[in-house]
Amino acid sequence: MKNNLYSYILGIADNSLILGQRLGQLCGHGPSLETDIACTNISLDLFGQVRSYFQYAAKIAGDQRTEDDIAMLRMERDYKNVLLVEQPNTNFAFTIGRQFLFDVYHQAFLTELQNSNDFTLSTIAKKCVKEVSYHLRFSSDWVKRLGNGTSVSNKKMQEAIDDLWTYTDELFYQTKADKEMVFEGVGVDVTNLKSNYYSRINDILLEATLEIPESQWFQTGGKEGIHSEHLGYLLSDLQYMQRTYPNMEW
Amino acid sequence: MSEEQIKNLEVQFNARIERDEKIEPKDWMPEKYRKTHIRQMSQHAHSEIVGMLPEGNWISRAPSLRRKVALLAKVQDEAGHGLYLYSATETLGISREEMYEQLHTGKAKYSSIFNYPTLTWADMGAIGWLVDGAAIINQVPLCNTSYGPYARAMIRVCKEESFHQRQGFEIMMKLAKGTSEQKDLAQDALNRWWWPSLMMLGPKDEESVHTEQSMKWKLKRKSNDDLRQQFIDQTVPQADLIGLTIPDPELKWNKERGSYDFGPINWDEFWQVVKGHGPCNKERMKARVGAWKEGEWVRDAAMAYAEKQATKNLNKAV
Amino acid sequence: MKKNWPLWEVFVRSKNGLEHRHFGSLHAADAEMALENARDVYTRRNEGVSIWVVESKNIAASNPLNNGELFEPAQDKVYRHPTFYDLPDDIKHM
Chain A
148 MKNNLYSYIL GIADNSLILG QRLGQLCGHG PSLETDIACT NISLDLFGQV RSYFQYAAKI
208 AGDQRTEDDI AMLRMERDYK NVLLVEQPNT NFAFTIGRQF LFDVYHQAFL TELQNSNDFT
268 LSTIAKKCVK EVSYHLRFSS DWVKRLGNGT SVSNKKMQEA IDDLWTYTDE LFYQTKADKE
328 MVFEGVGVDV TNLKSNYYSR INDILLEATL EIPESQWFQT GGKEGIHSEH LGYLLSDLQY
388 MQRTYPNMEW
Chain B
78 MSEEQIKNLE VQFNARIERD EKIEPKDWMP EKYRKTHIRQ MSQHAHSEIV GMLPEGNWIS
138 RAPSLRRKVA LLAKVQDEAG HGLYLYSATE TLGISREEMY EQLHTGKAKY SSIFNYPTLT
198 WADMGAIGWL VDGAAIINQV PLCNTSYGPY ARAMIRVCKE ESFHQRQGFE IMMKLAKGTS
258 EQKDLAQDAL NRWWWPSLMM LGPKDEESVH TEQSMKWKLK RKSNDDLRQQ FIDQTVPQAD
318 LIGLTIPDPE LKWNKERGSY DFGPINWDEF WQVVKGHGPC NKERMKARVG AWKEGEWVRD
378 AAMAYAEKQA TKNLNKAV
Chain C
2 MKKNWPLWEV FVRSKNGLEH RHFGSLHAAD AEMALENARD VYTRRNEGVS IWVVESKNIA
62 ASNPLNNGEL FEPAQDKVYR HPTFYDLPDD IKHM
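Chains as they are written, first to last, in the numbering used here: chain A, 148 to 397; chain B, 78 to 395; chain C, 2 to 95.
Be a bit skeptical, because a hint or two may be false.
[To be verified] Not everything, but these chain B residues come out facing chain A in the computed CB check (under 7 Å): (1) L130; (2) S137; (3) Q259; (4) V375; (5) A379; (6) A381; (7) A387.
Think of the hints as simulated: they come from the structure by calculation, not from any bench. These figures come from a predicted structure and were not determined experimentally. All residues carry an ideal CB built from backbone N, CA and C; glycine is no exception.
For reference, chain A alone in the conformation it holds in the complex (with noise of 0.2 Å):
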């Protein structure tokens, strides 16, 4: 049970790490310096999020390692995001394309971990589902503000939507520990949010005046940490002084 607990809030923690770390690269070079301000915002809130659940997960190993050990000091297939947070920032339409088909996930997800079994996971969700609704509305007003702005910002969210579509579907996917917390009443049965996810992500593209991509072939992997290529070189960054100056105190 302990390890699929700390396998859980890892793959939970997982996606805000790295989508957090994503928003932290785009500091000072935002369209606006209000969306600089409002993107570093969600990236603090996201990584507020990481440290909770970090040392929830630390406490649980019961053994010397601290949040930053699980943070940085993970070899690349031990981590368990999707590989949706790990899309680079192409272009402002991509960040929010990125954003907006993972904050409606998490909204919803967050809502259900609040009726979970385990006090700090409920206690957590409880927390941050607000943030997280500021993220949303956040994301899904600027997907109706490029969707439905000039023909030049509606075609480049187009584009954003249809290469980042393909990763939507890995979001309801479960590993072997998912489903045992699940079963334990701890996790949240995320194959349940599926349908109420794309509907509501319809209502908003076609709001949007966007057109829902008609693929049906999606990418899975990240959370058993089969990741993309772009997750080797985000990890180098976030993990490069920890391991160039190993157990040091910062």
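Starting from the known structure of chain A, fit chains B and C onto it as the hints suggest.
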């Protein structure tokens, strides 16, 4: 308006300032006052947002989660400070776009310290400790400056700035008391950031124009050299406390003056960097111009969407 | 044609506050964005309870009672910011 009328207004204007009254956006002001404030305030704002870049450079590589969120929050604060200052400057009748144009074409300057590269994690400590330290020395007096919007923006900025300096010093302290590699990192960063930080307080008094006028308008309380001395006197003991050495062999406590004597500053380097030949001038501009240009389609889209919504609401109401 | 985001004034009433105070301004394309931006920029450290945003062009401000009146008509629309922000008593400078 006759010259005599203008002179009268100026006399009353100066008297107001002497009485510690605030000048507000709709008040009459000498054209020189307006222009000087536009220049100083916009350059202050530019410094904040360009300043995001050398530190933003290390967000993805921060050595711990705690350091990462603190750095993110600090850089975000700088964006916010830029925003407060741009807003305050706009009250003088210049638009944000005009100010960006001036920055991007090199017509307006920003603090030259940000043209230096951040090479190691320890640079984050050095910047918070030294650069923010020097900035605070400049900024605290501005909380009382004559122009109302500037003073109020500075009060907000100063309130948030104290966390920045403490964060930087704490980073340095931790490194200085850490392993030998960490201590080396800290000392190396201090070596590289010390002299540029001294230059941050501005050119020597004898080469500094505008000082008298700025003092009258409460844009400046002390001269550059005085501020520089204040900075050195307060910082040297801080370095001593954590066991780091200021990279100035001529640094010596002068009992008579009650201050530190210090070595010569390389003013050639200062003017070269100001002129655009520092290590990172080109990169900083490229990043800012790039972000603004690449963001144009986004800003256009947002406006187009807003107009469509406005029209929609208008039609609904009819 | 270049489209620049208009300027908005931000007013915030904080948890213990009795009225909205002018906090500053920002650029946004529409009211929704202005509110989101205001929340992000001006309520990062406190829990603002209520945020008002108004496009600067919609604010009419009174003229200061001094010689400035010689040059401006009585009922002006503001092209710069109105400033109603009072300095809180407990502000420390550092």
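Can you give the numbers of the hints that this structure goes against, from lowest to highest? 7
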